[in-house]
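**Q** Chains as they are written, first to last, in full-length UniProt numbering: chain U, 1 to 667; chain H, 1 to 667; chain Z, 1 to 667.
What the hints contain is simulated information worked out from the structure, not anything from laboratory work.
It does not matter which identical chain is meant; a pair holds if it fits inside one copy or across any two.
When the alpha-carbon atoms are kept at most 16 Å apart in a straight line, the in silico EDC-like pairs for lysine to aspartate or glutamate are as follows:
1. K90 to E192
2. K318 to E510
3. K90 to E157
4. K90 to D191
5. K417 to D205
6. K586 to E427
7. K318 to D554
8. K460 to D442
9. K626 to D554
10. K655 to D554
11. K656 to D554
12. K230 to E149
13. K393 to E446
14. K414 to D205
15. K263 to D443
Note that the structure is a prediction, hence the values are computed from the model and not measured.
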Amino acid sequence: MKQTFKKILYGGDYNPNQWPREIWDEDMRMFQKAGINSATINVFSWAKIQPSEEVYNFSELNQIVSMLCRENYNIVFGTSTSALPAWMVKRYPEVARTDYEGRHHKFGQRHNACPNSPVYQKYVKELVTRLVKHYGDNEHVTCWHVNNEYGGECYCEKAFRVWLRKKYGTLANLNKAWNLEFWGHTVYSWDEIVLPNALSEGLEDDRTAFAGISIDYHRFMSDSMLENYKLERDTIKQYQPEALVTTNMMGTYKGLDYFKWAKEVDIVSWDNYPSYNTPWSYNAMCHDLMRGVKKMPFMLMEQTPSQQNWQPYNSLKKPGQMRAQSYQAMAHGADTIQFFQLRRSVGGCEKFHGAVIEHAGHENTRVFREVAQLGNELKKLNGYIPGSVKEAKVGIIFDWDNYWALEYTSGPHKDLKYVEQIHQYYEYFYKKNIAVNIIPTDDNFEQYDLVIAPVLYMIKEGVADALEKFVRRGGTLVTGFMSGLVDQSDNVYLSGYPGPLRSLAGVWVEEIDALAPEQKNTVAFKDGMKAGCRMLCDIIHLESAEMIAEYTSDFYSGTPSVTRNPFGEGQTYYIGTVCDEEALSKILNMAVTDAKISPVIDTETQLEITYRETDTGRLHFVINFKDEPQELPPQFAGERDLINDEVLKEGLQLKKYDVKIIFIKFA
Amino acid sequence: MKQTFKKILYGGDYNPNQWPREIWDEDMRMFQKAGINSATINVFSWAKIQPSEEVYNFSELNQIVSMLCRENYNIVFGTSTSALPAWMVKRYPEVARTDYEGRHHKFGQRHNACPNSPVYQKYVKELVTRLVKHYGDNEHVTCWHVNNEYGGECYCEKAFRVWLRKKYGTLANLNKAWNLEFWGHTVYSWDEIVLPNALSEGLEDDRTAFAGISIDYHRFMSDSMLENYKLERDTIKQYQPEALVTTNMMGTYKGLDYFKWAKEVDIVSWDNYPSYNTPWSYNAMCHDLMRGVKKMPFMLMEQTPSQQNWQPYNSLKKPGQMRAQSYQAMAHGADTIQFFQLRRSVGGCEKFHGAVIEHAGHENTRVFREVAQLGNELKKLNGYIPGSVKEAKVGIIFDWDNYWALEYTSGPHKDLKYVEQIHQYYEYFYKKNIAVNIIPTDDNFEQYDLVIAPVLYMIKEGVADALEKFVRRGGTLVTGFMSGLVDQSDNVYLSGYPGPLRSLAGVWVEEIDALAPEQKNTVAFKDGMKAGCRMLCDIIHLESAEMIAEYTSDFYSGTPSVTRNPFGEGQTYYIGTVCDEEALSKILNMAVTDAKISPVIDTETQLEITYRETDTGRLHFVINFKDEPQELPPQFAGERDLINDEVLKEGLQLKKYDVKIIFIKFA
Amino acid sequence: MKQTFKKILYGGDYNPNQWPREIWDEDMRMFQKAGINSATINVFSWAKIQPSEEVYNFSELNQIVSMLCRENYNIVFGTSTSALPAWMVKRYPEVARTDYEGRHHKFGQRHNACPNSPVYQKYVKELVTRLVKHYGDNEHVTCWHVNNEYGGECYCEKAFRVWLRKKYGTLANLNKAWNLEFWGHTVYSWDEIVLPNALSEGLEDDRTAFAGISIDYHRFMSDSMLENYKLERDTIKQYQPEALVTTNMMGTYKGLDYFKWAKEVDIVSWDNYPSYNTPWSYNAMCHDLMRGVKKMPFMLMEQTPSQQNWQPYNSLKKPGQMRAQSYQAMAHGADTIQFFQLRRSVGGCEKFHGAVIEHAGHENTRVFREVAQLGNELKKLNGYIPGSVKEAKVGIIFDWDNYWALEYTSGPHKDLKYVEQIHQYYEYFYKKNIAVNIIPTDDNFEQYDLVIAPVLYMIKEGVADALEKFVRRGGTLVTGFMSGLVDQSDNVYLSGYPGPLRSLAGVWVEEIDALAPEQKNTVAFKDGMKAGCRMLCDIIHLESAEMIAEYTSDFYSGTPSVTRNPFGEGQTYYIGTVCDEEALSKILNMAVTDAKISPVIDTETQLEITYRETDTGRLHFVINFKDEPQELPPQFAGERDLINDEVLKEGLQLKKYDVKIIFIKFA
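Here chain U stands alone, though its shape is the one from the complex:
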């Protein structure tokens, strides 16, 4: 067990620079009361600490750091590079980004730089150098927080062409990869390549006539920002080789391939902002993804203690909700609980975003009390949390290349969304309290007994072989419609769908029907059970597979909708349509049985039950996210709840948002 932090970091974004000096002491007093031990500073201060091209001024920042050191804080040190100073855009307009519509932006907002701007890069490097030289030795600087929520694409051509030249080497390769013979798009010179935007290949939304170009563009843009990140990280490490460096991610954010990014951070950190109606299983999935991208505990860098400002309907978190949500994060891998933000700002677009200290300015608020309660509870968990891990025997594949490819392709169904599909499968395991790892396509599948690969539309090099090897050695694979269709360049595998997965699945998919939203079909199982299906229906021919369920309507009524193929020591399930929950559960039950997967506990319950493991035992998190009280599973009766230090009684009812944390030593 490798501990990144000695204790749970508890705190959040702190901008005393926005406040008069007299407030600072009051902050310190209140934070102490709330058990806060960490502050994230200097995230948006570039204009303040570099007021002009020639001048750097750290005087206020020095005061902030001094105070925090005096109070023994863990400082998460921002680099301030995600919002350009106005003077820079004024003097060097090229630092601003160009949007999908082809409009070059002016100063404003944040995430507003062209990542490939040499001017931007030069001043980023200069600023970070000065910061790390000035503050890098400070022992309170626990972690460097590079930039903020990287994003904001820039549609400028030059760097894209360089990236492509590096990737493809020759124009012949590029013409082939993008199939530019189609519509006579063949290019004969690198500088004939234009951006896939509204002025060139744009279809609707941000789709284009060549998904292959759009996918490469998004790889390029993810890489471009990653280079920005690495520039900052390397600058920090040059002076502080031991520094812990991160940047805050955003869960299922489409723009960046976080599996690739995770390789470059010392610890993953992320910002969790569910909406009022986001399912709890979705939150859990995001946490598992953020744990999965690096296979280690992460920092919950941001969440709101109460409400947001930027959603359509910014509902309050109910009493206990923030606490339960925080423990859920921890249950799925968080080593820190941090808020945006510690004191609510007075103006600007986030002034209605919740904070630990509300505009009222004192601690007599519900929100502060809840923050303080949690802060004091967390102290009891320091010995268990930092560094404890979670292993699972089920892996669900999540892959940004597939995310992009599936959503940029033209046809067959406009409502097909990548994350929704992944979530539909995840939800099953969530409800069963079966531990899951979210995994990349290049993971070592043999760590798992069951691999779930929904809409694995793009099969990159080596993936089919690895999956075959996994199943042959006894693994169980679940895949299905819109899988095995294209290669890394979005060119179709011509062997008959599902392409390289065909022998593994033991089926040939002849056609893919698309159903309009008002249309349905049905999957009928051999035992007579029937349930709805929709959106897409593969028309399947059994090759070596057996039929699990059939369609009941349309001209393919009676043909297989779900199949199972024994392959080597294992088996592959192929689900040819978007099943209703009931049908999907039935199929996944079979797969779980085949793979001999067990839930965390063998009692059925509507409680969320998850765990992390230390070197000596397993820490269980039991949380009720349901409106109705739920009974404590009998396994936990007689055990001690770490939060309240009480022995749990048999038949105990957990109310909504109740949390129990139980440590059980390994036998």
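With chain U held as given, fit chains H and Z onto it using these hints.
**A** Just chains H and Z now, kept in the frame of chain U:
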């Protein structure tokens, strides 16, 4: 009683220049038959009267004016400056405006000038000078109609920076006002400031990351156009100091602060274009607003005699509807009834817009007959209407700064619309036939017994003090959610919500919950009455206030939703949520009782009953806007209806759109 | 009977250039099996055959042509000019088009050229010259396919001004035509004219403040592309005067006036891509339109054998559906059945678009089997189809000027759509199996007994006279609301609605009411039958007409909604509102009776029954598009079905998509 006009002006926009000469005489014949005594001319003739930069040609205009003088018309004289001539845009492209998307426009449409263009201003001044020198002495020129429906924002930076410099003096002030420390937006030079548009701070719709900048931009744009107006007005007055000058406003139009504008016009005029489903109370509110901005009678400059062309569904006005609508305008303060337009145009986008003379070209039309009937009726009211006034003891605050601020802020609820909220309160008084003044935030509140201040989000300097003084001396104030939150720069008051209104309301609002459209709560009164509420729910702590109603759901069930606070000799009601009509009525009934407010008559009725007062008596307008017949209130039985010169019988049933006008002398 | 083709062309778009050479032989083998005898090549190959400004390279194309000749194919030879090569846009950016938003495009997509670019025209001419010189003598080249699906407007000013100068001669004419006196838009120089786009006159969608300008712009754009087409055609004819030249149209596509285009093609060809829920009557109408624009059989240039990729929901064609749809095309005038495409592409945005050879690459697919079945059936029809014609006594007017004018005008109802209205009338005849010609406004109406002229909003020169003459001599005319309103420039006829149709219809329409979607009225016939009506309600005064039905609600209850006017030997029906199907059927029944129109057979049936005629007899197509089986009408019992060469039994039930083709010799 100050009379602007000697008699009621009856007429409208008249464009004989669009027609061959032989039609003109026919126009005169028909208008005479319809009782028309006024024509608005030269509204869109710039290209005609100045065919090139060097040439002015008033020959056709002279003919029009001569004819109208001969026929003894009151001429409302347009200045033609709201649509640029094509030659000017061609020669000086900079006169055209730049839109929110950053696109510089070409020639086309109307309201197409950059108000800050020196070229535009130069030619405006030159044109108006020539017009006033040429026609200013003409005794038939009753009124100058400057430009037309000012609007059409221009996003150009230079003038904005000048305006800001004048307002803020120093960059330090500006940085503080806009809280530019947030997201590191501090500016160090005036020319670092960019426009709050899609290329800079844009979020979605026309919101930006800094509501403070957007609010200032709209103040600036309103001021810029007001300067345009003043340039024209001053030019007119230079030659004709006694001239009556106006420009036509548009009710609740968001772009211009009409309270500020009203100070600069000699008489307010406005254009009333309700949709097929606009509530009659909304029309009434607009009239009261247009009367309120200058506290004097106004001109109804435009309405359609039958239908519009630019709405999605341009329904006909039913028989009697135009007449009833005209009397409603008069009842709320109109001294004139004018149409757009007198003759329906043959081409261009308004050819399907109704007119007094339809395309058929003769008077044998329903529309003409109704216009003629009204024209002849109005003659009987000349002795009562022009200059008669209306006083009310209820003031409802309407404020453009709040309009902008509430709708440009980010959070908490995207569906919150300023005018809808004001209308919800107005409607109560409308249905009760209680006279209302729509008032600005800097009015002398002590003229009123009851002041209604819904969503008074921004409390500008002096407003809280004035309201406190008003209540302390015995006034009753109604305010509520989203009030008292920010100062003039959209920075939050930190004393605890509702900020400067806290002691007045006797409550502390700890949190503001936002409910999605499918969510509801309930307000429950002490007497057991319950009704729905929605959208926003303040979580309220009583300080000196008493609870009037409580919530019944969610974690704040049982806490106050509506309160009443005795303060000095008066009291403040605080309504913490968007109440259904039933609940709002109940609360406002209490406030009306506290304030000892009486309706126009003390009989309950579904008729609209309003009044104006001359020096000698009160003129009552009784109108039925309901589908079902309504009985004449007994108070009016035996009185004489001025329109038909008949004594009204007891039990008389007024059918839909029936109107009775009764003058009762002061006792 | 003039035969364009000796046999039915069966084939489609073929792009072997996208495939390795070894696939080509396999293609030939499979196509032969499917009865395919035709290939459309070189549609999108510009970049391939002209890799740079100086170099042309036909080597691969030569190989393709050689192979097809060897296999005795009919070659439909594309000219490749609808997608610019990247190098051309790079070197001459002005060849790219500028969109409605005013954005000049970069390389990308297709239909991406400015049709008025001299550079584009120069290289088009050069390319076509080389192609025709190289391949024109080849006897297998059956037809030249110019460009592809012309479209893609360019908003550039220069050419528009030239076009206008040619049309109007003087600015005085233009100012008058566009009524530029309105809003002071008078222009004094040709170069003051700007494009009607988002930067100038734009209102919403692509409407502008001057419909007259927008209509002229669309005429201009249609003409501009037609000039492009003619440039290619003339180049071909210069070297091959006997060549057959076409370009593929798109049914009711709004952008191009296909009646004008049809005059310039040797044969009409078109691409039929219905959606999953397009009514079959709509398909039939499109075919009749495409037959009507040139009054001769056409080529069905493209359809998909199975599914599309670019619709929201790309459903599969059910078994038999493609075949039935192909026969429907033929029944309405197709002499060819061609697919897009013959082999499904591997990448690019159409990779999910169906093809004869699917990605699986072999013939063991449902789609291939259905294509092969049809291909082999068609061989039996070669003696009947090519050149056989269809005559009808009912003409329905379709007119692009009206299409544009009705949809670009402002008011009275935003939901009014031209094609929907035409289809509503067409559907009646479709369901009755009454043959219809779709006709232009300048047709010789006296060929028909019944002319249907819905929403004949714009009455161009001569049209009213021609209609009067037609009715006077005994014809029956059906017209109605939104007819007779404006002249060719969108200026209103001032004689009273319906303008030049007033005496013909015998009514004066005083007003046009617009109903919101939630509002309805009713048409009540004398026999007591009532049915709903909506959207628009004309308020009608009878002049010489009699009332057929009246309204039952609103203030015009009891006034005529439908009228019939005897005029000369004939009569005119005027339908003043958008009737529900039931009412419209009743009215059209009367008109059909008046005009003595008979259906194809006099049995009522839900089968689609249509015919074409050879010199010796009538070929009947009997198709069941209903879900339920339908009985063969008794008239056909005992006749021989050409497809199966079987005598049809009495009482035969046709299942969904069953087709019977029966030839009956003239008596």
